[in-house]
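Once you've looked at the hints, dock chain B against the given chain A.
Protein sequence lines, in the order shown, are assigned to chains A and B. Taking the working numbering, I'd label the letters of the first sequence as residues 1 to 251. Taking the working numbering, I'd label the letters of the second sequence as residues 1001 to 1193.
Simulated from the structure, these hints should not be mistaken for lab results. Mixed in with the good hints there might be a few duds.
[Claimed, not checked] Listed next, the in silico DSSO-like pairs over lysine-lysine satisfying Cα-Cα at most 27 angstroms (straight line): (1) A:Lys218 - B:Lys1104; (2) A:Lys189 - B:Lys1104; (3) A:Lys108 - A:Lys189; (4) A:Lys37 - B:Lys1093; (5) A:Lys243 - B:Lys1108; (6) A:Lys179 - A:Lys146; (7) A:Lys68 - B:Lys1002; (8) A:Lys119 - B:Lys1104; (9) B:Lys1055 - A:Lys119; (10) B:Lys1104 - B:Lys1002; (11) A:Lys119 - B:Lys1093; (12) B:Lys1055 - A:Lys68; (13) B:Lys1002 - B:Lys1108; (14) A:Lys189 - B:Lys1108; (15) B:Lys1108 - A:Lys218.
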Amino acid sequence: MLTKRIIPCLDIKNGRTVKGVNFVDLRDAGDPVELAKIYSDEGADELVFLDISATEERRRTLVDLVRKVASTINIPFTVGGGISAVSDVEVLLQNGADKVSINSSAVKNPQLINDLAQKFGSQCIVVAIDAKQIDGEWIVHLVGGKVPTEIRLFDWAQEVEQRGAGEILFTSMDHDGTKNGFANEALAKLSELVNIPIIASGGAGNIQHFVDTFVDGKADAALAASVFHFKEIEIKTLKKELKNNNIEVRI
Amino acid sequence: MKIVIINYGAGNIQSIMFAIERLGYKAVLSNNPDEIKAADKVIFPGVGEASYAMKMLQESGLDVLIPTLKQPVFGICLGMQLMCNHSEEGDTKGLGIFDVDVVKFTSKVKVPQMGWNNIYNLKSDLFKGIAENEYMYLVHSFYAPICAETIATTNYELEYSSALENYNFYGTQFHPEKSGDIGEQILGNFLKL
Chain A
1 MLTKRIIPCL
11 DIKNGRTVKG
21 VNFVDLRDAG
31 DPVELAKIYS
41 DEGADELVFL
51 DISATEERRR
61 TLVDLVRKVA
71 STINIPFTVG
81 GGISAVSDVE
91 VLLQNGADKV
101 SINSSAVKNP
111 QLINDLAQKF
121 GSQCIVVAID
131 AKQIDGEWIV
141 HLVGGKVPTE
151 IRLFDWAQEV
161 EQRGAGEILF
171 TSMDHDGTKN
181 GFANEALAKL
191 SELVNIPIIA
201 SGGAGNIQHF
211 VDTFVDGKAD
221 AALAASVFHF
231 KEIEIKTLKK
241 ELKNNNIEVR
251 I
Chain B
1001 MKIVIINYGA
1011 GNIQSIMFAI
1021 ERLGYKAVLS
1031 NNPDEIKAAD
1041 KVIFPGVGEA
1051 SYAMKMLQES
1061 GLDVLIPTLK
1071 QPVFGICLGM
1081 QLMCNHSEEG
1091 DTKGLGIFDV
1101 DVVKFTSKVK
1111 VPQMGWNNIY
1121 NLKSDLFKGI
1131 AENEYMYLVH
1141 SFYAPICAET
1151 IATTNYELEY
1161 SSALENYNFY
1171 GTQFHPEKSG
1181 DIGEQILGNF
1191 LKL
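Bound conformation, chain A alone:
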């Protein structure tokens, strides 16, 4: 049976791993390549590297880091941040990335999704969506959740699927950094609306939150950062507990 995936996310700034509370107040949690190897050995199913400063600073992603990670680890990984052109993706994939994640650039230029899917295949195109609730409505936000758009989350999710996204990484800005659990209601609705895998992100604080997002949120994968970086949750323990809760995982 296809298993639910656990995905540590390594937010990268200046070549180091960082994780902020609600994307502000960054703390240093170590060397990305070293962390990647540790997570891979502990049983992480995939890794995500997000260059969180990239969009703001218009910096291109970290090709050297991608090469180092790809030569060190033998599980799939996704790279995101600052990707706005087909040529950006080409260089990342050529250097060993398995997938790329696009966010703001897809909102600004939705055709980019079609272009990337056509050239590289849907399987390597993850569309990341940051959203928060405004007057009861889930609204897509840009630039690490700082800038609201007028786009509704559920409309956008359907559109990115139609344009060829292979997967959606949904981050609830209302939950991110709170450690109060994932946005399971919205996640379940997303899973019903689209027929591509959904990665839940934002809000992981304890093991039960992961159980809930797989059961109630119907997520295909769950992504978290600080709970893993600061060893509040060990991946091995987490997967064992998920299995105890009859959730299929790779152990």
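Frame of chain A, contents of chain B only:
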């Protein structure tokens, strides 16, 4: 040992190169027929869309060369699918090495299948020392049904072939280079055939 990875513009070849290096070997990328023919082992990767990939193979004459190879050949993911008779993806005629037609998962399940799934009913030296039901990493929307050449089975919507073998030709739907230490072991088994 000379290992050649067939280079026809298919994506993420670097990961296979790195995996082979971690196993202590070195591989070269090539689309040169003489170099491919002279190799001890040939790896046929593939990521992307079937009809486009087949067009790339045809342009370099590799579609004619590959079925005539005598040494062990290992098709991975789309590489394996292209070695079949036909693919529903882009209504593409395949290389005809595996006697099976590749078809698409229905919308009863999420497509693509993305993630780790177990392989069982293992029947080949490719899986020497590999236990039943180990998890492999898969990303695909199309699959090869069970057939006489099936050497590993996986279940997603239904049971299908996650690996095929016919004489010196091997193929896996999963990515051994991305499937942790066990995947690397399978790649290592191929290199020792």
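Hint check:
A hinted pair counts as satisfied when its Cα atoms are at most 27 angstroms apart, and lysine 218 of chain A with lysine 1104 of chain B qualifies at roughly 23 angstroms. For the given pair, lysine 189 of chain A sits about 25 angstroms from lysine 1104 of chain B by alpha-carbon distance, which is consistent with the 27 angstroms threshold. For the hint linking lysine 108 of chain A to lysine 189 of chain A, the alpha-carbon distance of about 24 angstroms falls within 27 angstroms, and the restraint holds. Proposed proximity of lysine 37 of chain A and lysine 1093 of chain B is contradicted: the alpha carbons are some 41 angstroms apart, above 27 angstroms.
The hinted pair formed by lysine 243 of chain A and lysine 1108 of chain B meets the criterion: a straight-line CA distance of about 24 angstroms does not exceed 27 angstroms. Of the supplied pair hints, the one linking lysine 179 of chain A and lysine 146 of chain A holds, its CA atoms being roughly 20 angstroms apart against a limit of 27 angstroms. At roughly 25 angstroms between alpha-carbon atoms, lysine 68 of chain A and lysine 1002 of chain B fall within 27 angstroms of each other, so this suggested pair holds. Between lysine 119 of chain A and lysine 1104 of chain B the alpha-carbon distance is near 20 angstroms, which keeps this suggested pair within the 27 angstroms criterion.
As the CA atoms of lysine 1055 of chain B and lysine 119 of chain A are separated by approximately 14 angstroms, the hinted pair is consistent with the 27 angstroms bound. A hinted pair counts as satisfied when its Cα atoms are at most 27 angstroms apart, and lysine 1104 of chain B with lysine 1002 of chain B does not qualify at roughly 36 angstroms. Distance check on the hinted pair: lysine 119 of chain A and lysine 1093 of chain B sit about 20 angstroms apart at the alpha-carbon level, within 27 angstroms; holds. For the hint linking lysine 1055 of chain B to lysine 68 of chain A, the alpha-carbon distance of about 33 angstroms lies beyond 27 angstroms, and the restraint is violated.
Restraint check for lysine 1002 of chain B and lysine 1108 of chain B: not satisfied, since their Cα atoms lie roughly 44 angstroms apart, outside the 27 angstroms limit. Between the alpha carbons of lysine 189 of chain A and lysine 1108 of chain B the distance comes to roughly 17 angstroms, so the proposed pair stays at or under 27 angstroms and holds. Restraint check: the Cα-Cα separation between lysine 1108 of chain B and lysine 218 of chain A comes to about 15 angstroms, which is no more than 27 angstroms; the hinted pair holds.
Comparing the model with each earlier hint shows violations of hints 4, 10, 12, 13; every other hint is respected.
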